[in-house]
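Asks: Use these hints to put chain Z onto chain L, whose structure you have.
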Amino acid sequence: MSASFGRISALKQSPDLTTVLWLLASLTLAVAPHLTRLPLWLPLVFVAAAAERLSHFFFRRPALPGWLRFGLTLACLAGVAGSYGTILGRQAGIALLCVMLALKLLETYRRRDVYLLISLAYFVVVTQFLFNQSIYMSVFLLVTVVIITATLIVTELQPSRERHATHELSGLISPAGTLRNAGWMLLQGIPLMIGMFLLFPRLGVPLWGMPEDALYGKTGISDRMEPGSIRDLFVDDSPAFRVVFQGEPPDQSQLYWRGPVLWHFDGAAWCREAPCDRSDRDSPGMIGAQNRRRPPALENPIRYEVTMEASQQHWIFALDIPLRVPAGWRFALERDYTIHRRRPVTQTTVYTLTSDPGFKMNTRQDGWLRNLGLQLPPDLNPRTREFARQLRETHGDDDLAIVQAVLSRFRNEEYFYSFTPPPLGINTVDDFLFETREGYCEFYSSSFTFLMRAAGIPARVVTGYQGGLDMVDYTLIRQSDAHAWAEVWLDGKGWTRVDPTAAVAPERIDRGALAAAGGRRGPLDFEWIRGLRNQFDAVHRLWSDWVVKFNRARQRSLFRPLGVDDLSARFSLITLIVLGGAFVAVVMLLLLRAQWIGGLDPASREYARFCRKLQRSGITRGAAEGPRDFASRAAASREGLAAPIHRITDLYVALRFQPRQPDHALDELKSAVRAFKA
Amino acid sequence: MDNVSQAAALSSSVEDALHRALDQINRIVVGKESTIRLAMTCLIAEGHLLLEDVPGVGKTTLAHTLAVTTGLEFQRVQFTSDMLPADILGITIYSRERETFDFHPGPIFSQVMLADEVNRATPKTQSALLEAMAERQVTIEGQTRPLPETFFVIATQNPVDLAGTFPLPDSQMDRFLMRLHMGYPDAEAERRLLEEPDRQSLLADAVPCMSDAQLRLLQQRASEVHASPALLDYLQALIQASRDYSGIDTGLSPRGGLAILRCARAWALLDDRDHLIPEDLQAVFVAVAAHRLRPSSGNESRPEEVAAELLAQVPIQ
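For the record, the sequence lines run as chains L and Z. Note that the numbering used here has the first sequence beginning at 1, numbered continuously upward. Note that the numbering used here has the second sequence beginning at 1, numbered continuously upward.
Extracted from the complex, chain L is given alone in its bound form (with noise of 0.2 angstroms):
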């Protein structure tokens, strides 16, 4: 009785300045990732109640009046609700958490009010998993979370360490030492948490309702192209999609990533139809499915699997030209070869498709098509209009002379392949053709486009990526191989793709456009980084297959070979508790041992692990046989090991039972016990 009443009492207890510090430490980093997410003014909150709390430790001060606090509490909510428009929700409850969490610590008086934030900040930690699953933001997590546990340990500390001088718990209070402690436990937790893992019922779908936008993602390339908007995926190395051929990999100039298609430029910026501030669409538009009623016969087919990542956009990519989609509803080939998804792509995809690059796109003309294709913004570009009415003077009737002209005049003239190019006025294909000579992939194909509907070729520009990194076993796409290029229509052949890059920067399309813009492109960008990164991106890979993605039909899967077949919830449940108990009596069990072997004194500590190197040769020393006696038994059955035993159980025996032990006995049983080998 009287130890729970001192249990009470010490929970009543204020925290100290060591705790709260610990306290501070861990809630900081528990917000941390969420910072991003929350409106401004929050982090200020937070820092402003860290601040009055550890006020408390250096001015003698009331703690803040009941009123007071109220009130805070009634703004922070109008201000979570006015900058959300609403307190509920995913965003909006966790800037309610971390805001209330920042005001709890303005009445953390007693030691259990630190016991009650520990465990927000547990909660804290999990809900980053609803905006974030990657590798990285585990392993911060985790981190996290051991250090939330130290405090955990702190905080049940602190009477230990009023009542002890410091000293006698230096090992256990020195931050190292409270840090090595908690990892301890929670290495402890692994087996459990790996068992619970693998084996907890999964549900096919998730069992909130996840927001769309739930799942990372990068946006990468979508359906609008401006200047600028592939500029910036040029710095991203992360994936965009893994491709694993069935068969040998096309040569990596012919790996043309085919996305959206755009036809319409109001200008400035290339989208996929009119009007280009529609943004994103749910359905196709106007361009529609093919027919697809008669499947082209295929040459050269090439199946292949990609496992595209979250990009929040409907278009997935396919290999240029793709011939063959899933079949069902969910995906449409549409009319100018763009793929189309019902939903858009919020969680890691996998789908196969077969391409044949040889394959030849509407060789008979399509009078709307056409039309699409020589849409022009009016009045703008006067210069360009001019010199594709002067083209079409030179060479007549033949369009491809006219690609020509203009390819050889990239390739020929001084024009440069650039991520920063200067800016560019109202005339943008003016300025660019005439002016600054200076851009990348999307200045080409925007302008070469622009260039061939005004000398009356029907023309788009295609985005998608171009390029992959050989990963051995699959090929890697990086949203910074990024890439615009056109298509013109030409008679007998269809859409055909004219890279006008390529005629500027060769090795864009030979060997990426990093070495198109001649090394590094930031200051941190080291060739070795990069390698390191896409090294990494493998790791990427198991994570994601194997934690992220680790649904229903993975879990089945790892069962199977196991001869389990219907994994039920109830299978798991009892599994898990068959595991759970058998993990909990090992536990124990090892417990009650560190216990026995930790109470034992050091000579009979020693004694303990000789006799275990004996019990591991097949001779087990009695719980209640005596050392002389084990000793003459092990001898008489290992004879060549007679002396050592001897010398060790007499050492021992010295140690234990006689009067005065020999100087140095215990360093030479231990130094005995060690070279002893049973």
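Hints were generated in silico from the structure; no laboratory data involved. None of the values given here were measured: they were computed from a predicted structure. Ideal Cβ positions, reconstructed from N, Cα and C, are used throughout, including at glycine. Check before you lean on any hint, since a few could be wrong.
Computed Cβ-Cβ distance ranges for the label pairs, DEER-style [as the list claims (entries may be wrong)]:
#, chain 1, residue 1, chain 2, residue 2, range
1, Z, Ala134, L, Gly581, 52 to 60 angstroms
2, L, Arg674, Z, Leu194, 50 to 58 angstroms
3, Z, Arg27, L, Arg616, 54 to 62 angstroms
4, L, Gly195, Z, Gly298, 57 to 65 angstroms
5, L, Arg609, Z, Leu194, 50 to 58 angstroms
6, Z, Val207, L, His646, 35 to 43 angstroms
7, Z, Gly298, L, Arg609, 37 to 45 angstroms
8, L, Asp601, Z, Ala134, 35 to 43 angstroms
9, L, Gln661, Z, Arg27, 39 to 47 angstroms
10, Z, Glu195, L, Asp601, 52 to 60 angstroms
Footprint (simulated), chain Z over chain L, 3 or more residues, beta carbon under 8 angstroms [to be verified]:
#, region
11, 620-629
12, 657-664
Replies: The following block gives chain Z in isolation, referenced to the frame of chain L:
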């Protein structure tokens, strides 16, 4: 010889004397090394010995040989149901010549007394003997007379002879430091018994192997054998286990614990050691503890078996 050199001579020869004594006893009582060693231990631990077995297995021979070999004065008393305490303690008789009451000491006034078939005497007589054993003195008609400094009782009793016996009560069993069973000799020993001359003639040839002083020196040394804290932990664990053990009604008393320690010390001395090891406790445990334990009513095992079980259950740490 001065005292110091005398003591040195004594101590140098004491081990020899002890081993010579053991050799001689083993020659006469064949095939009973461990029993003999325990009996010698009991003597050195200054306790009394109870030999329990069927007639004719050599109880008396052992007692007699032990007495002769240690050079102690020996008296044998056959207990019967009509014995009175005075038959053991002695009586005071009026002497007409000197006109005084003279005390005629009984057989108890000897260094080794063999009390044969002690359970045939009435409780009154038994208790007179046992009181003398405990107090090492005898009070007759208001006068207290000390017994000899070395006073060793070897009592025998027949377990099977139930008719006309008065079993020793538990409280009095406790007066005996050890209870030993002789058991039948093994085949080889049996053969020697049959081949060799009569034990009585061998006994007649036996010579004392040690002096009074040497025996007392041994007893003194035994009490000095070192018992380390670790060993006392083990002894305490044994005592506690005897009290907690489900097969036992009455566990070891503190006196029982002391008895084990005393015997173990003497046993260690016989092994020429100045410190106790767990094996010493184990060697004497059954002989010392068994007759002090009362197995619970449902337990069919003999106390010796229960004691051995106990020993096997308590781990040495």
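Asks: Compare the structure with each hint and give your call.
Replies: Status of each hint after checking the structure:
1. Z/Ala134 <-> L/Gly581: 52 to 60 angstroms: Distance hint for Z/Ala134, L/Gly581 holds at roughly 58 angstroms.
2. L/Arg674 <-> Z/Leu194: 50 to 58 angstroms: 57 angstroms, holds
3. Z/Arg27 <-> L/Arg616: 54 to 62 angstroms: 46 angstroms, violated
4. L/Gly195 <-> Z/Gly298: 57 to 65 angstroms: Once the Cβ atoms are compared, 46 angstroms apart, the range 57 to 65 angstroms for Z/Gly298 and L/Gly195 is violated.
5. L/Arg609 <-> Z/Leu194: 50 to 58 angstroms: 53 angstroms, holds
6. Z/Val207 <-> L/His646: 35 to 43 angstroms: 38 angstroms, holds
7. Z/Gly298 <-> L/Arg609: 37 to 45 angstroms: 42 angstroms, holds
8. L/Asp601 <-> Z/Ala134: 35 to 43 angstroms: Holds - the Cβ-Cβ distance for L/Asp601 and Z/Ala134, about 39 angstroms, lies within 35 to 43 angstroms.
9. L/Gln661 <-> Z/Arg27: 39 to 47 angstroms: 40 angstroms, holds
10. Z/Glu195 <-> L/Asp601: 52 to 60 angstroms: Check passed, 54 angstroms falls within 52 to 60 angstroms.
11. 620-629: With 8 residues close enough to chain Z, the hint holds.
12. 657-664: holds (count 3)
Comparing the model with each numbered hint stated earlier shows that hints 3 and 4 do not hold.
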